[in-house]
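**Student:** My request is simple: use the sequences and hints to build the entire structure.
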Amino acid sequence: MALVYRDPFEQLQTELDRMVNAAFGTPTGLYPLVNVFDAGDAFVVKGEMPGVDPKSVEINVEDDTLTVRGERSFAEPARDAAYHRRERGQGKFRRVVRLPGRLSSEEAKATYRDGVLTVRIPKAKEARPRRVQIETA
Amino acid sequence: MAEMQTQTELEAKPKQKVERREERTRPGAYFQPAVDIFETKDELVLVADMPGVPPDGVDIDVEGDQLTIEGRVRTEDYEGLKPLYVEYGVGGYYRRFTVGDMVDREGIKAQLRNGVLVLKLPKAHQARARRIAVEAA
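Chain order of the listed sequences is L and W.
In terms of numbering that gives the first Met the number 0, the first sequence opens at residue 0 and continues consecutively.
In terms of numbering that gives the first Met the number 0, the second sequence opens at residue 0 and continues consecutively.
For the record, the hints were derived by calculation from the structure and aren't laboratory data.
One or more hints might be untrue.
Covered stretches of chain L (chain W as the covering partner; in silico rule of three or more C-beta atoms under 8 Å from a C-beta of chain W) [as the list claims (entries may be wrong)]:
no.: 1; segment: 7–13
no.: 2; segment: 47–53
no.: 3; segment: 80–90
Computed cross-link-like contacts, PhoX-like style, restricted to lysine-lysine with a CA-CA straight-line distance of at most 20 Å [what the hints assert, rightly or not]:
no.: 4; chain 1: L; residue 1: Lys-91; chain 2: W; residue 2: Lys-12
no.: 5; chain 1: W; residue 1: Lys-122; chain 2: W; residue 2: Lys-108
no.: 6; chain 1: L; residue 1: Lys-108; chain 2: W; residue 2: Lys-81
no.: 7; chain 1: W; residue 1: Lys-119; chain 2: W; residue 2: Lys-40
no.: 8; chain 1: W; residue 1: Lys-122; chain 2: W; residue 2: Lys-12
no.: 9; chain 1: W; residue 1: Lys-40; chain 2: W; residue 2: Lys-122
no.: 10; chain 1: L; residue 1: Lys-108; chain 2: L; residue 2: Lys-54
no.: 11; chain 1: W; residue 1: Lys-81; chain 2: L; residue 2: Lys-122
no.: 12; chain 1: L; residue 1: Lys-124; chain 2: L; residue 2: Lys-108
Chain W is faced by these chain L residues, among others (derived, beta-carbon under 8 Å) [what the hints assert, rightly or not]:
no.: 13; residue: Asp-16
no.: 14; residue: Met-18
no.: 15; residue: Tyr-30
no.: 16; residue: Phe-36
no.: 17; residue: Ala-74
no.: 18; residue: Pro-76
no.: 19; residue: Ser-104
no.: 20; residue: Ala-107
no.: 21; residue: Val-115
Computed from a predicted model, the values in this text were never measured in an experiment.
Positions of the beta carbon are idealized from the N, C-alpha and C atoms, including for glycine.
**Tutor:** Written out as structure tokens, the structure reads:
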């Protein structure tokens, strides 16, 4: 049997694709869209929000809920400019995401890179996975 | 949830997957970036949302009257993450435009910042294929 090479990212892409097309599809009326990941001892929430000034973004974590607020706005081109296409939206946004477990909110960290917001929120200590050793008699 | 979203003015559009006809060595999904295109007296400006693409991850090709933009996302950001809840797929970006004879191919400038590609295509008359290097932001 021939070996088929599939890199881990390709497997993840396939998995994301399958999940986004399952039951719910893409929700409407929300910004940004988010993906929630389990990173073992933390939850990682990613949201695509290209061209947003990170200084305009406010992130709050309270109990099991993450709230992201901000605004996407860009300079209008010169008055004599004529649009051929206009597909990119701007405006204020507010997104509330409930996470499936208890959080250690004071340790939450957020980064904004290449237009993607990543919020990493450690799970509450008692909710982190723990390996239990078997005691031998 | 509905009453919690009253401030939302910006709405995310579902990412449109693109099928590419030509053979590719790189596997995985490609999406169509949302673009604004406007024209001023001196230039044509194309702005494309490509969240997740670093400044060195974009290729711009002009061949004949075809302008092609392609972006690749950084895959290492997803190592060790198990998807729990998914609203959008992750992959590259690809889109092709017909620019005609109006563009001076030698003078094209590209900049990618916070996941937004800005391409400035000065107006002129010339016809010759070349590849454009992207200026890091």
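**Student:** For each hint, tell me whether it holds in the structure or not.
**Tutor:** Hints, one by one, checked against the model:
Coverage of a stretch by a chain is defined here by at least three residues with a beta carbon nearer than 8 Å to that chain's beta carbons; for the segment 7–13 of chain L and chain W the count is 5, and the condition holds. Using a Cβ-Cβ cut-off of 8 Å, 5 residues of the segment 47–53 of chain L lie near chain W, which meets the minimum of three, so the contact claim holds. Only residues whose C-beta sits within less than 8 Å of a C-beta in chain W count toward coverage, and the segment 80–90 of chain L has 11 of them, enough to reach three; the restraint holds. Proposed proximity of Lys-91/L and Lys-12/W is supported: the alpha carbons are some 15 Å apart, at most 20 Å.
Among the hinted pairs, Lys-122/W with Lys-108/W is consistent with the structure: their alpha-carbon atoms are about 12 Å apart, no more than 20 Å. Between Lys-108/L and Lys-81/W the alpha-carbon distance is near 18 Å, which keeps this suggested pair within the 20 Å criterion. Pair hint Lys-119/W plus Lys-40/W holds up; C-alpha atoms about 13 Å apart against a cutoff of 20 Å. About 32 Å separates the Cα atoms of Lys-122/W and Lys-12/W, which puts this hinted pair outside 20 Å; it is violated.
For the given pair, Lys-40/W sits about 8 Å from Lys-122/W by alpha-carbon distance, which is consistent with the 20 Å threshold. Between Lys-108/L and Lys-54/L the CA atoms are separated by roughly 15 Å; this keeps the pair inside 20 Å, and the hint holds. As the CA atoms of Lys-81/W and Lys-122/L are separated by approximately 15 Å, the hinted pair is consistent with the 20 Å bound. A threshold of 20 Å between alpha carbons decides the hint, and for Lys-124/L with Lys-108/L the separation of about 16 Å falls inside it, so the pair holds.
Interface restraint check: Asp-16/L against chain W, minimum CB-CB distance 5 Å, threshold 8 Å, status holds. Taking 8 Å as the C-beta contact cut-off toward chain W, the hint placing Met-18/L at the interface holds, the least distance being around 4 Å. With its C-beta approaching chain W no nearer than about 4 Å, Tyr-30/L sits inside the 8 Å limit, and its interface hint holds. Here the hint on Phe-36/L is kept, as its CB sits about 4 Å from the closest CB of chain W, short of 8 Å.
Because the closest C-beta pair between Ala-74/L and chain W is about 11 Å apart, greater than 8 Å, the hint is violated. Taking 8 Å as the C-beta contact cut-off toward chain W, the hint placing Pro-76/L at the interface holds, the least distance being around 5 Å. A hinted interface residue such as Ser-104/L counts as satisfied when its beta carbon comes closer than 8 Å to some beta carbon of chain W; here the least separation is about 18 Å, so the hint is violated. Given hint, Ala-107/L at the interface with chain W, is violated; its Cβ is 16 Å from that chain's nearest Cβ, farther than 8 Å.
Nearest Cβ of chain W to the Cβ of Val-115/L: about 5 Å, under the 8 Å cut. The hint holds.
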